[in-house]
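There are 2 protein chains.
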Amino acid sequence: MENQTPDPIEPTLSGPQAAALLAARGQAVAPGVPGQPFANMLCFSVYAAQLAFNRLYKQLLAPHGLTYLQYLVLVALAQAQDRTVGELGEVLFLESNTLTPLLKRMEAAGLVVRRRDTQDERVVRVALAPAGAKVVGEVECVPLDVLSALDMPMGDLQQMKVAMDRLGAELRKTGG
Amino acid sequence: MENQTPDPIEPTLSGPQAAALLAARGQAVAPGVPGQPFANMLCFSVYAAQLAFNRLYKQLLAPHGLTYLQYLVLVALAQAQDRTVGELGEVLFLESNTLTPLLKRMEAAGLVVRRRDTQDERVVRVALAPAGAKVVGEVECVPLDVLSALDMPMGDLQQMKVAMDRLGAELRKTGG
DNA sequence: AGCGATTAGATCGTGTGCGATCTAATTAGG
DNA sequence: CCTAATTAGATCGCACACGATCTAATCGCT
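Those protein sequence lines, which keep their order, are chains D and E. Under this note's numbering, the residue at position 116 of the first sequence is numbered 116, and the numbers go up by one with no gaps. Heads up, this note's numbering is the position in the second sequence plus 176, with the first residue counted as 1.
A few of these clues could be false.
As the list claims (entries may be wrong) - Calculated pairs, BS3-like style, for lysine-lysine (alpha carbon to alpha carbon, straight line, at most 30 Å):
hint, chain 1, residue 1, chain 2, residue 2
1, E, 280, E, 234
2, E, 310, E, 337
3, D, 58, E, 310
4, D, 173, E, 349
5, D, 58, E, 349
6, D, 161, D, 58
7, E, 349, D, 161
8, D, 134, D, 161
9, D, 161, E, 234
10, D, 173, E, 234
11, E, 337, D, 104
12, D, 58, E, 280
13, D, 58, E, 337
14, D, 161, E, 337
15, D, 173, D, 161
16, E, 234, E, 310
17, D, 134, D, 104
Because the hints were derived from the structure by calculation, they are not lab data.
Throw the hints in and build the complete structure from the sequences for me.
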């Protein structure tokens, strides 16, 4: 495959030689089995679980024209008259550099409404549009359905949520 | 802020009206406090924890010129002579559409070496380059340091890793 | 009132993720 | 052998994330 020439890849260095360099340090990087390089790395397990969640939700939300993040925004808006971009950011742990393009796409799709606050023209208030309210109702049961489909006790899953919330809070403290 | 006119934002619909639409369904979307719309959503807690991990690692890895994903690739390569793109994908739960550009950037940065397998020209073998072996040694202790900095018992964190691995496996089963 | 500092969003560039599609290399079946 | 199917990567377009920077609106201080 590859186009034309099979992608040159200049032989800068032989592979075994590189591995030897590491071995020369006298200490393996991780004690895991060759097939599982991320033993003792909770960060990786969270990363992998998030990937898996995202893929599953993508399947379930795509028929409704939503991405996972767009779904989260709709859920966050479903409980309030409206939220400012900053408030959405607090709830979703995101900044305006992520939210502004996202909200513009959602507005273009008719899911939300953006409007400048009349008291403070710096503030943008975001609210559900009718299509957004409709679709958030359609996908309301998705999270519970997903968890129900897993072969794991619901009590364990609840405990895991508490633990993840705690972990996230601790990590945010540390990041300072 | 904003350029010229304060971003028109055509008033397609009033916000309260949208919220009313949802309330009319007779059932709140989630029973949580207004400030915490994601009660009972483990997916969100995992998402938020992953964001927090990623931000913290970004801080710690940036001085070494690594992103989090690049770091994972280096760790995966540190245990083997080399790995094919497909093998890396199995370990990292990623496909070639993500790995190929990533590996090309890492090769350009001198972190890894890519080479066509001589037996099967379809296969690309990836190995640590000297700079990659050097930097993976420098950041070897980062994961443990991060966890140590948290105000949580190490035993709890180990249990969480087991639980996350299980959750990821279950989600991947469900996704079909 | 006037002006520097602060604040809320927006913009830009880079790096993931991923669905869809493409190509070249290998394999399978007649 | 020769072609169809399979396989391993690569490419493309779009949607997050985020550091860095910008602008407009508001606030604070004199």
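Tested hints:
Between residue 280/E and residue 234/E the CA atoms are separated by roughly 20 Å; this keeps the pair inside 30 Å, and the hint holds. Straight-line distance between C-alpha atoms of residue 310/E and residue 337/E comes to about 28 Å, which keeps the hinted pair within the 30 Å bound. A threshold of 30 Å between alpha carbons decides the hint, and for residue 58/D with residue 310/E the separation of about 38 Å lies outside it, so the pair is violated. For the suggested pair residue 173/D and residue 349/E, the alpha carbons sit about 34 Å apart, so the restraint of at most 30 Å is broken.
Pair hint residue 58/D plus residue 349/E holds up; C-alpha atoms about 15 Å apart against a cutoff of 30 Å. For the proposed pair residue 161/D and residue 58/D, the alpha carbon gap of about 21 Å is at most 30 Å, so the pair holds. The straight-line distance between the Cα atoms of residue 349/E and residue 161/D is roughly 20 Å, inside the 30 Å bound, and the hint therefore holds. This hinted pair checks out: residue 134/D and residue 161/D have alpha carbons roughly 28 Å apart, not beyond 30 Å.
For the hint linking residue 161/D to residue 234/E, the alpha-carbon distance of about 24 Å falls within 30 Å, and the restraint holds. Note on residue 173/D and residue 234/E: the hinted pairing holds, with a Cα-Cα distance of about 15 Å set against a maximum of 30 Å. Only pairs whose Cα atoms come within 30 Å are accepted, and residue 337/E paired with residue 104/D is rejected, the gap being roughly 37 Å. In summary, the hint linking residue 58/D to residue 280/E is supported, as the alpha carbons are separated by about 27 Å, within the 30 Å threshold.
Proposed proximity of residue 58/D and residue 337/E is supported: the alpha carbons are some 24 Å apart, at most 30 Å. About 13 Å separates the Cα atoms of residue 161/D and residue 337/E, which keeps this hinted pair within 30 Å; it holds. The straight-line distance between the Cα atoms of residue 173/D and residue 161/D is roughly 18 Å, inside the 30 Å bound, and the hint therefore holds. This hinted pair checks out: residue 234/E and residue 310/E have alpha carbons roughly 19 Å apart, not beyond 30 Å.
A distance of roughly 19 Å separates the Cα atoms of residue 134/D and residue 104/D; the hinted pair therefore holds under the 30 Å criterion.
In this structure, the earlier hints numbered 3, 4 and 11 are contradicted, and the remaining ones agree with it.
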